[in-house]
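So the sequence lines, in the order shown, correspond to chains G and E. Reminder that position 29 of the first sequence reads as 29 in my numbering, one-by-one numbering, no gaps. Start counting at 1 in the second sequence, then tack on 1000, and there's your number in my numbering.
Just to be clear, a hint being listed does not mean it is correct.
As the list claims (entries may be wrong) - The list that follows gives simulated cross-link-like pairs (lysine-lysine, BS3-like), each with its CA atoms no further than 27 Å apart:
#1 G:K64 - E:K1096
#2 E:K1006 - G:K63
#3 G:K3 - G:K63
#4 G:K62 - E:K1097
#5 E:K1093 - G:K62
#6 E:K1085 - G:K64
#7 G:K62 - E:K1094
#8 E:K1176 - G:K63
#9 G:K62 - E:K1096
#10 G:K62 - E:K1083
#11 G:K64 - E:K1102
#12 G:K64 - E:K1164
#13 E:K1096 - G:K63
#14 G:K62 - E:K1102
#15 E:K1006 - E:K1085
#16 G:K3 - G:K48
#17 G:K48 - E:K1102
#18 E:K1093 - G:K64
#19 G:K63 - E:K1097
#20 G:K48 - E:K1097
#21 G:K63 - E:K1093
#22 E:K1085 - E:K1097
#23 G:K64 - G:K3
#24 E:K1006 - E:K1145
Stated by the list, open to error - Which residues of chain G face chain E? A few of them, derived with a C-beta cut under 7 Å, are:
#25 P12
#26 N14
#27 A21
#28 Q43
#29 V44
#30 E67
#31 M68
#32 G69
Simulated from the structure, these hints should not be mistaken for laboratory data. Heads up, the beta-carbon is just placed ideally off N, CA and C, and yes, glycines get one too.
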Amino acid sequence: MIKRLILDVLKPHNPNLIELAEALSNIEGVEGVNAIIYEIDQQVENAKIIIAGNSIDFENVKKKLEEMGATIHSVDEVAAGKIVIEEVRTPQDRAARI
Amino acid sequence: MQFIEKIRRYIRISEIAPISRRYFVMNAFDGATTILGIVLGAYVAEISNESWVIWSGLGATLAMGLSGFVGAYMTEEAERERKLKTLERSMLKKLKKTVVGKASRFASLWAAIVDGLSPAITAVVCLTPFFLSSCGLFSIDSATKVSVAMALSIMFLLGVFLGKISNRNMLIHGIKTLSVGLIITSILFMLKTIQ
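Next up, chain G with everything else stripped away, as it sits in the complex:
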């Protein structure tokens, strides 16, 4: 049961972010969508899309994004299971930074 997905998506300028977010929010099992553009090129733009819900079907999300002309660059975060576990800092993270 996927509860949260963070995706890095490449999309054309049209359909715009509002239409994309609306289309994603209409997928069964999705309860909320947050979409942010972080890079704009002449033809395309990159968006970080956060999808939250009780039971997100990744295939449906992927299909909807493809239908809207977008491509998933990477799946940056997945939260699955009965509860959502947030990312925590560990000593290893600090060691990795040093």
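Knowing the structure of chain G, use the given hints to seat chain E on it.
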């Protein structure tokens, strides 16, 4: 309802609205001008048979409509295809089956319909007095006067519409487009006096 929403979405995605507005005004103007020319030409030639005006007008309407439809479709399709291919190169994938590709194909058809129908509608409207004349409701002289008045009014209204969309003085734009009609009318009246 879903169908209308789909059309609205395609219009939004393809950004065809301003282009079709241009096509509409340009070709509706053409339609009114053509019929004005035919009606005044018939008046100068002293044609007293309304069916001549009707069939000349309908012939011109059909030609304008078909030429507008085919011309706009081919032009728009070629432009859209080029744009889609550029986008596909940036996206590194085919977009034909996506909403972007569908909107692109829809845009060509939409532009063609607007381009084909707009001159046909104004032309048929301007010919209405002659249809009524053929039913015996108008004399041919009255039909000519009403038809010329209708064509000039349509020209004026198209100018007003242009003024409205450009947020400029609607009256001045109306007068500008009307003056084209008045120039055509004056030239043909001059030819009539020379004749």
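Pair hint G:K64 and E:K1102, alpha-carbon separation not exceeding 27 Å: Roughly 15 Å between the alpha carbons, so the hint for G:K64 and E:K1102 holds.
Evaluation of the interface hint that places G:V44 against chain E, nearest CB under 7 Å: 5 Å, holds
Satisfaction of hint between E:K1102 and G:K48, Cα-Cα up to 27 Å: Holds: G:K48 and E:K1102 sit about 25 Å apart, inside 27 Å.
Minimum beta-carbon distance criterion (7 Å), G:P12 to chain E: Holds, about 6 Å.
Agreement of G:K62 and E:K1094 with the hint, judged by alpha carbon distance not exceeding 27 Å: This hinted pair holds, its Cα atoms lying about 15 Å apart.
Pair hint G:K62 and E:K1096, alpha-carbon separation not exceeding 27 Å: 17 Å, holds
Proposed proximity, E:K1097 with E:K1085 (alpha carbon, max 27 Å): 13 Å, holds
Status of the G:A21 interface restraint (C-beta, 7 Å, chain E): 14 Å, violated
Proposed proximity, G:K64 with E:K1085 (alpha carbon, max 27 Å): Within the cut-off at roughly 21 Å; holds.
Proposed interface contact between G:Q43 and chain E, which counts if any beta carbon pair is under 7 Å: 4 Å, holds
27 Å Cα cutoff - pair G:K3, G:K48: 17 Å, holds
27 Å limit on alpha-carbon distance, applied to hinted pair G:K62 and E:K1102: Holds, at about 19 Å.
Of the numbered hints given earlier, the model fails hints 8, 12, 24, 27; all others are met.
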